[in-house]
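Assemble the whole structure, with the sequences as input and the hints as a guide.
2 protein chains.
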Amino acid sequence: MGWGDLGAFGEPSKETPNLDQMAAEGMLFLDFYTANPLCSPSRAALLTGRLPVRNGFYTTNAHARNAYTPQDIVGGIPDSELLLPELLKKAGYVNKIIGKWHLGHRPQFHPLKHGFDEWFGSPNCHFGPFDNRVLPNIPVYRDWEMIGRYYEDFKIDLKTGEANLTQMYLQEALDFISKQQASQQPFFLYWAIDATHAPVYASKHFLGTSQRGLYGDAVREIDDSIGKILTHLQKLGISENTFVFFTSDNGAALISAPKQGGSNGPFLCGKQTTFEGGMRAPAIAWWPGHIPAGKVSHQLGNVMDLFTTSLSLAGLQPPSDRQIDGIDLLPAILQGKLIDRPIFYYRGDEMMAVRVGLYKAHYWTWSNSWEEYSKGIDFCPGQNVSGVTTHTQEEHSNLPLLFHLGRDPGEKYPLSFASDEYQRVMQQIYFVVQQHKTTLVPGEPQLNVCDKAVMNWSPPGCEKLGKCLTPPESDPKKCFWPH
Amino acid sequence: MGWGDLGAFGEPSKETPNLDQMAAEGMLFLDFYTANPLCSPSRAALLTGRLPVRNGFYTTNAHARNAYTPQDIVGGIPDSELLLPELLKKAGYVNKIIGKWHLGHRPQFHPLKHGFDEWFGSPNCHFGPFDNRVLPNIPVYRDWEMIGRYYEDFKIDLKTGEANLTQMYLQEALDFISKQQASQQPFFLYWAIDATHAPVYASKHFLGTSQRGLYGDAVREIDDSIGKILTHLQKLGISENTFVFFTSDNGAALISAPKQGGSNGPFLCGKQTTFEGGMRAPAIAWWPGHIPAGKVSHQLGNVMDLFTTSLSLAGLQPPSDRQIDGIDLLPAILQGKLIDRPIFYYRGDEMMAVRVGLYKAHYWTWSNSWEEYSKGIDFCPGQNVSGVTTHTQEEHSNLPLLFHLGRDPGEKYPLSFASDEYQRVMQQIYFVVQQHKTTLVPGEPQLNVCDKAVMNWSPPGCEKLGKCLTPPESDPKKCFWPH
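Keeping their order, the protein sequence lines are chains A and B.
First residue of the first sequence? That's 1 in the working numbering, and the numbers climb one at a time after it.
First residue of the second sequence? That's 484 in the working numbering, and the numbers climb one at a time after it.
Source of the hints: derived by calculation from the structure; they are not laboratory data.
Treat the hints with care, since some could be wrong.
[Unchecked claim] Straight-line C-alpha distance at most 30 angstroms; calculated DSSO-like pairs for lysine-lysine:
(1) B/Lys596 - B/Lys573
(2) B/Lys895 - A/Lys14
(3) A/Lys412 - B/Lys895
(4) B/Lys895 - A/Lys295
See below:
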């Protein structure tokens with residue numbers, strides 16, 4: 001979902017009354033970021049509090065490439081990483097993930113091996129349908145074992161866009177919350193719905209109800225579900241004891257627009273890019289009785305902060321044996337403080353840009369290659385900022401392109417290199433970048449090797465279902481990451 | 484000001500708390516339009532309830548040209564046009580215009596000859612400073628006579644952007660409202676501030692206070708002033724008896740961005756164009772005790788509707804001897820009804836596009852000429868939609884470019900001509916356009932002739948001030964309108 005997809009963020013058909021209400025009752029974050037312009041690395045960062053370049057969710061196969069966890073990926077979340085649910089367990093939390101995991105699908109990467117107690121959902125995107133010979137359909141798990149596969153047992157009608165998955169994820173969430181409330185155990189629910197990821201889907205009740213087409217139907221169903229979850233917390237009397245945060249893992253995918261892609265509002269480009277449209281995300285914090293209603297925050301935030309903030313809420317300290325990039329947002333949320341911190345925009349192994357205060361400096365620019373662009377792959381449709389949305393990888397390290405995101409949120413007018421403002425600001429930014437780069441210890445890259453043999457041929461539980469497939473022989477190769 | 488300049492419409496720094504509050508207490512219009520992508524014609528339409536092509540505020544000097552009322556314009560609002568204040572007088576209203584008139588500056592076009600009882604402000608834009616020999620500085624009037632000139636007696640510091648004009652306009656408004664309340668006379672106040680028009684200005688108190696630079700400072704001062712006006716109405720106890728409407732006369736001028744230009748949010752291009760960014764305007768209706776708080780309307784609205792709606796509020800009928808384009812919005816505002824009506828997008832003498840429901844059909848496309856574009860004049864900076872933001876005037880009358888503004892508010896993905904949807908929708912639109920065109924009686928074009936002799940050399944009152952200048956000999960010529 002993109003920054004511009006919510007009414008509270010200016011979506012012109014204003015079809016998200018529940019999220020808008022959540023914002024009216026809570027705090028709206030206008031300057032909140034994902035940790036990466038792509039899903040898997042951003043989610044790994046959310047759960048580890050660390051940049052993908054540290055936690056291993058990146059590739060070195062080529063310079064500055066977006067990489068994720070398709071079915072043939074060999075890597076996943078390393079055992080050495082400490083995930084939020086692992087740490088919360090120490091404070092007695094019961095942890096559940098509902099929806100998309102995306103941190104690796106081989107047995108050692110299973111979410112229940114990384115701190116979650118329960119799982120309903122899937123390890124990969126709901127791509128498909130596949131033929132189960134060249135490619136297996138994506139499994140859906142309940143806890144340790146798969147209980148079926150997308151398209152086979154969990155229907156997605158690509159023609160009409162109908163699928164009941166969000167309703168299932170909603171019911172799972174409501175049931176889990178009820179159960180935890182009844183047993184009086186603290187809980188962490190990672191509600192990782194994916195209806196707005198192409199192929200976009202919605203249930204019958206929502207199909208055709210949006211001005212925005214199928215994508216809007218999906219947004220409306222998510223909005224409706226969130227309203228139901230918040231109401232459920234209130235009805236159970238635990239809303240003042242439950243911190244809720246809504247955000248996205250990357251900007252709207254404009255390449256899928258308009259049929260399957262959302263809006264990044266006034267920002268440049270979309271998913272896959274390190275322009276604002278690729279990484280500025282909608283974000284709302286809700287905690288009645290603690291967060292004053294209707295607040296707006298300009299705190300620079302990041303999904304990685306949810307790691308540190310959640311630990312803080314549970315009375316826990318973040319690990320001290322490793323670099324944590326997420327900060328504790330509670331002073332910003334509860335006392336309205338503004339904490340000074342930079343935002344780093346990575347694409348794979350490269351720091352493409354950095355934001356300090358209202359300024360953003362691009363050290364590298366790239367939308368995608370001419371070769372791809374000429375085939376119609378366009379991450380910035382309708383937008384072309386000369387020298388900025390470049391189709392070759394352009395290095396600007398000596399003279400970074402500098403933008404003032406207050407005056408120019410769309411990154412269209414780089415500051416003059418000769419201006420006093422440029423000189424003054426870049427001095428400050430150079431220092432921030434130098435400190436970041438000289439202290440950076442990159443993790444072992446997890447997204448380098450692909451092998452068709454590791455696909456979801458025979459996930460645990462397949463025997464009971466008679467759904468085990470025969471993998472091909474192992475043939476590990478460097479993954480090809482074109483963007 | 485543009486659609487995307489208010490927090491309530493998704494401006495990313497959310498610096499308009501008073502307008503946002505006005506929206507929270509009133510009704511937000513998301514699909515509200517100006518009558519033209521340029522100021523003078525749009526204002527003439529607001530006050531007459533008629534399209535510029537009917538009321539004469541257009542040119543036939545060249546095809547589809549934006550024209551306005553610079554100092555050398557010979558034309559202005561024809562006597563045959565009935566303006567809102569003229570009609571409101573019949574119901575006992577006292578009418579005041581504060582700020583920019585822009586409907587012609589020669590004596591016969593004076594606002595007090597067209598229904599207004601009072602005036603504080605200026606006939607033209609605050610361009611300048613001029614040298615008073617080749618070009619006179621723009622006069623500022625109080626009622627019938629000029630009381631000084633911009634830059635000479637009413638300072639605007641182009642270097643710092645400082646000017647106290649909005650504060651003067653605010654004080655005038657508060658005083659007028661107080662006076663009317665005291666005398667218990669109904670009033671119409673046309674508060675036509677211009678701080679966000681280049682050269683953008685703000686008073687000292689607001690300079691440097693916005694994240695958005697000088698333009699944001701101007702927006703903040705306007706926002707603050709509107710808050711003071713609404714509070715004043717409440718303090719006087721007449722808020723439940725006063726209908727207030729906030730809107731703009733064209734989209735944000737992206738050509739002036741980022742220093743002097745605002746935001747059109749997710750919409751394409753800006754001022755001067757018939758894309759959504761040129762004509763979709765922010766709009767808020769406020770009337771405590773009558774309009775339920777926090778409502779959002781998708782009614783297709785237009786500044787011309789303020790003519791008809793205001794008459795309706797005063798218990799008056801619109802004139803029946805002429806075509807009125809504005810509709811009475813009260814059923815939409817008070818009862819939440821949706822009234823079916825098209826929006827026509829004109830550029831000069833040409834209907835460029837039409838909106839019916841969520842569909843918009845472009846019969847002509849043009850951003851501006853290659854010649855201008857190559858000189859850096861760009862109404863769509865950073866945006867280029869192939870075949871849409873054309874730099875030659877392209878006619879599509881046989882196969883209009885059709886967009887669905889719900890799925891594609893940015894006008895980036897024209898519907899396939901071969902689709903059933905295209906065929907079905909265009910049948911309906913053809914009918915609307917045919918009816919419009921066959922019944923259209925264009926007015927006498929007022930913006931064709933320019934003459935340096937008609938400039939503000941010696942406005943009434945200049946003798947008292949010793950500020951009369953000698954006009955050159957009359958030399959009427961066809962005005963040159965490049966866009």
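Index of numbered hints that the structure contradicts, given in increasing order: 4
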